[in-house]
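With the working numbering, the residue at position 84 of the sequence shown is 92, and numbering never jumps.
The reader is advised that the hints may include incorrect statements.
Claimed, not checked - Restraint-style ranges between C-beta atoms, simulated for each label pair:
# : residue 1 : residue 2 : range
1 : Ser35     : Ser222    : 54 to 62 Å
2 : Trp180    : Arg74     : 39 to 47 Å
3 : His177    : Asn27     : 42 to 50 Å
4 : Ser159    : Ala119    : 30 to 38 Å
5 : Ala108    : Ser222    : 38 to 46 Å
6 : Val86     : Val225    : 14 to 22 Å
7 : Ala260    : Leu14     : 37 to 45 Å
No wet-lab data here; the hints were simulated from the structure. All C-beta atoms in this analysis are idealised placements derived from N, C-alpha and C, irrespective of residue type, glycine included.
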Amino acid sequence: MMTRELPSALSALLADIRNELPIVLGSNLVGIYLYGSLTQGAFNPKRSDVDGIVVTGRALTTREFRAVGRWLRRSAAVNPWTRRLQLSFLLKGRALVRGAPSCLYQFGRLARGRSDGNPIIWLNVLKSGVVLVGPPARSCVPRVDEPSLLSALRRELGYLRTEITTKAHSKWRRVPSYRVYAVLTVCRILYSLRTGTIASKPRAAHWAIAHLPSSHVMLVRLALRAHSEGGAARLALAGIRAFIEFADAVFA
């Protein structure tokens, strides 16, 4: 549930999504759901994104795709929060199927793609998500079992390892905010691995500080401070790589 007072422009965007996107998609729309920091009591207006899922009955037609794109461009022209929107379009009945047709609006661009079938997102939605339009989220997704969650956590860690360590020309590795994101995401992965549930980045970081070896605590503290204060801390790659290696060992 969203309990913190929201910036007026963000409230206006959410109202537009609730009122206008059903008109754009018509009978193809099943539901619209918010998740992430906005619904977990961890929202920071200075840096948080706005995460949402649009569930449809079938893949968007060319006409629907273009209509959604036009609506998003119009919205972005008058509301700066639209460019901080990360909106996934997924199919009912195939929400956890990897490779199912999907669309993603991110960084101000709408593109077609294939779903990664990420159950972590749906655990987030089921635990603390907010319904903007449609039925409860449980009607759109099957139960997330332990093997599915474990596989997804391994994939998430693998994505981080690729960008931080193995990819020869990563465009993210040298970005300070990505390094902060990587550290806090490792905290979330470890939290979920230990507890079987999900948490916001700050909550997972506080858990990590209390439960993980002291050799990683300072790195987590620095990442948490940068995330909370909006700073540009340049975390050392060596420390992040060691933290990812530690997480790998926990999975072993």
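Against the structure, the hints come out as follows:
Roughly 57 Å separates the CB atoms of Ser35 and Ser222, a value that falls within the hinted 54 to 62 Å. Separated by about 30 Å at the C-beta atoms, Trp180 and Arg74 break the suggested range of 39 to 47 Å. Restraint check, His177 to Asn27: a C-beta distance of roughly 43 Å satisfies the suggested window 42 to 50 Å. In this structure the supplied range 30 to 38 Å is violated for Ser159 paired with Ala119, their Cβ-Cβ distance being about 25 Å.
Checked against the hint of 38 to 46 Å, the C-beta distance between Ala108 and Ser222 comes to roughly 43 Å, which is consistent with it. The supplied range of 14 to 22 Å is broken by Val86 and Val225, whose beta-carbon atoms lie about 44 Å from each other. One distance hint, 37 to 45 Å for the beta-carbon pair Ala260 and Leu14, holds here, with the actual separation near 42 Å.
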